[in-house]
Amino acid sequence: MDFSDEISALAQRIAQRKDTVETEEATKNAFVMPFLKALGYDVFDPLVVVPEFTADVGVKKGEKVDYAVKIDGSIALLVECKPCRSALCVQHMSQLYRYFSVTEARFAILTNGITYWFFSDLDQSNKMDSKPFFEFDMLNYRPAQVDELKKFSTKTFNMSAILETANDLKYGSLLMREIAKEFDEQSDEFSRLLIGRVYEGKITANVFAKFTPLVQKAMRDTVRELVNQRLTSAMDDTAKTALPPATAETAATDECCAGVSPEDTADLRNIVTTDDEKEAYQIVRAIVREVLKVERVSMRDAKSYCAILIDDNNRKPICRLHFNRGIKYIGVFDAEKAETRFRINRLDDIFSYAEQLKAMAAAYGEASVREPVTA
Numbered sequence: 023m024d025f026s027d028e029i030s031a032l033a034q035r036i037a038q039r040k041d042t043v044e045t046e047e048a049t050k051n052a053f054v055m056p057f058l059k060a061l062g063y064d065v066f067d068p069l070v071v072v073p074e075f076t077a078d079v080g081v082k083k084g085e086k087v088d089y090a091v092k093i094d095g096s097i098a099l100l101v102e103c104k105p106c107r108s109a110l111c112v113q114h115m116s117q118l119y120r121y122f123s124v125t126e127a128r129f130a131i132l133t134n135g136i137t138y139w140f141f142s143d144l145d146q147s148n149k150m151d152s153k154p155f156f157e158f159d160m161l162n163y164r165p166a167q168v169d170e171l172k173k174f175s176t177k178t179f180n181m182s183a184i185l186e187t188a189n190d191l192k193y194g195s196l197l198m199r200e201i202a203k204e205f206d207e208q209s210d211e212f213s214r215l216l217i218g219r220v221y222e223g224k225i226t227a228n229v230f231a232k233f234t235p236l237v238q239k240a241m242r243d244t245v246r247e248l249v250n251q252r253l254t255s256a257m258d259d260t261a262k263t264a265l266p267p268a269t270a271e272t273a274a275t276d277e278c279c280a281g282v283s284p285e286d287t288a289d290l291r292n293i294v295t296t297d298d299e300k301e302a303y304q305i306v307r308a309i310v311r312e313v314l315k316v317e318r319v320s321m322r323d324a325k326s327y328c329a330i331l332i333d334d335n336n337r338k339p340i341c342r343l344h345f346n347r348g349i350k351y352i353g354v355f356d357a358e359k360a361e362t363r364f365r366i367n368r369l370d371d372i373f374s375y376a377e378q379l380k381a382m383a384a385a386y387g388e389a390s391v392r393e394p395v396t397a
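Mind the numbering: the sequence shown is residues 23 to 397 in the working numbering, read in order.
Think of the hints as simulated: they come from the structure by calculation, not from any bench. Note that the structure is predicted; figures quoted are calculated from it, not measured. Hints may contain errors.
Unchecked claim - Pairwise CB distance ranges, derived in the manner of DEER restraints:
1) Ser-182 x Leu-248: 30 to 40 angstroms
2) Thr-76 x Glu-211: 29 to 39 angstroms
3) Lys-224 x Asn-180: 47 to 57 angstroms
4) Asp-297 x Thr-45: 17 to 27 angstroms
5) Phe-66 x Glu-211: 48 to 58 angstroms
6) Glu-317 x Ser-175: 44 to 54 angstroms
As the list claims (entries may be wrong) - Think about it this way: if two alpha-carbon atoms lie no more than 16 angstroms apart in a straight line, the pair counts; the simulated EDC-like pairs of lysine to aspartate or glutamate are:
7) Lys-104 x Glu-47
8) Lys-86 x Glu-46
9) Lys-203 x Glu-222
10) Lys-172 x Asp-27
11) Lys-177 x Glu-28
12) Lys-232 x Asp-210
13) Lys-300 x Asp-370
14) Lys-173 x Glu-157
Glycine included, C-beta positions come from ideal geometry on N, C-alpha and C.
Working from the sequences, and respecting the hints, build out all of it.
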């Protein structure tokens, strides 16, 4: 199992168990220690991972940081843990801040087992920065962030290389956060900037009031268009992928695996349908029974996703369940069979897409001419 797979497996475990983990100690055992293990550190070797690390700070004696991680005998990382149900905040940084200046560590991590904040001393030597240069959310991460996280693994740890890119990571993530805020709710400054580029007259209060909703709509439409373009491009690339020649062994599975990638088909025997996928399938059946007999609804699992189909026909998809990573998505289809993915935090969120699911089922099922479905 490579590093990205280990992180993905841990993310799924966290997603399943986070609601049952309450204390800081439970968070350490269930989430933080497996995280350090995924990075390649032997959590059971006190010469590598030192629990309850003590370093006297001035007049303060006996204070402890949860873990000190050593590489080649030197302290490389300090780790302070909080309960997974506690959101990380500035107040949680105090102990790390004090320890940072009296140890040789150049990196410190503040975590609740789900979110990891990485700190260094980029602004002032030997003084921990007030803002993290890298953040990793186990339940919401991008592939590029996994590559950055891998730099902290015991096999690839290179302090100089990490520090060289730390500034770009820090300010890049801060800029992304500000951009995301603008997409959610545009600031007056940003709105005025855009209005000034398209409107030649003076931006009076009335003009500003008139254009503000147009700016908000344009932002939403732009994001939607970009997402659709990416999805369309990805689907086109998949459609152009050449399938291997049919053999006696694969011919029997060609029909049942229509639309599944060669990678998925190769691992067909190793596919495990999870409890969440089974429950989601039942939710979709409950939704579409208003327009279609539930006996026609079936589920077909693959490595990358779990498809919910009409008549067990891959050309009649209702939706796809992308549950194989820490973040769950439901893929909803439109009349052109173009899939749009939506993130769901819990299975009940599927009901938010009931109308789209029913519309797709009705299109296949010719609901307007069939007899009513009875309980």
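Right, here's what the structure says about each hint:
1. Ser-182 x Leu-248: 30 to 40 angstroms: With Cβ atoms ~36 angstroms apart, the hint holds.
2. Thr-76 x Glu-211: 29 to 39 angstroms: With Cβ atoms ~48 angstroms apart, the hint is violated.
3. Lys-224 x Asn-180: 47 to 57 angstroms: holds, 55 angstroms
4. Asp-297 x Thr-45: 17 to 27 angstroms: The hinted range 17 to 27 angstroms holds for Asp-297 and Thr-45, with Cβ atoms some 25 angstroms apart.
5. Phe-66 x Glu-211: 48 to 58 angstroms: Once the Cβ atoms are compared, 53 angstroms apart, the range 48 to 58 angstroms for Glu-211 and Phe-66 holds.
6. Glu-317 x Ser-175: 44 to 54 angstroms: holds, 50 angstroms
7. Lys-104 x Glu-47: Satisfied, since the Cα-Cα distance of roughly 9 angstroms is no more than 16 angstroms.
8. Lys-86 x Glu-46: Given that 16 angstroms is the threshold and the Cα spacing comes to 14 angstroms, the pair holds.
9. Lys-203 x Glu-222: Measuring from Cα to Cα gives roughly 27 angstroms; hence the hint is violated.
10. Lys-172 x Asp-27: holds, 12 angstroms
11. Lys-177 x Glu-28: Holds, at about 15 angstroms.
12. Lys-232 x Asp-210: Holds. Lys-232 to Asp-210 sits at ~13 angstroms (cutoff 16 angstroms).
13. Lys-300 x Asp-370: holds, 13 angstroms
14. Lys-173 x Glu-157: This hinted pair holds, its Cα atoms lying about 13 angstroms apart.
Checked against the numbered hints listed earlier, the structure breaks hints 2, 9; every other hint is satisfied.
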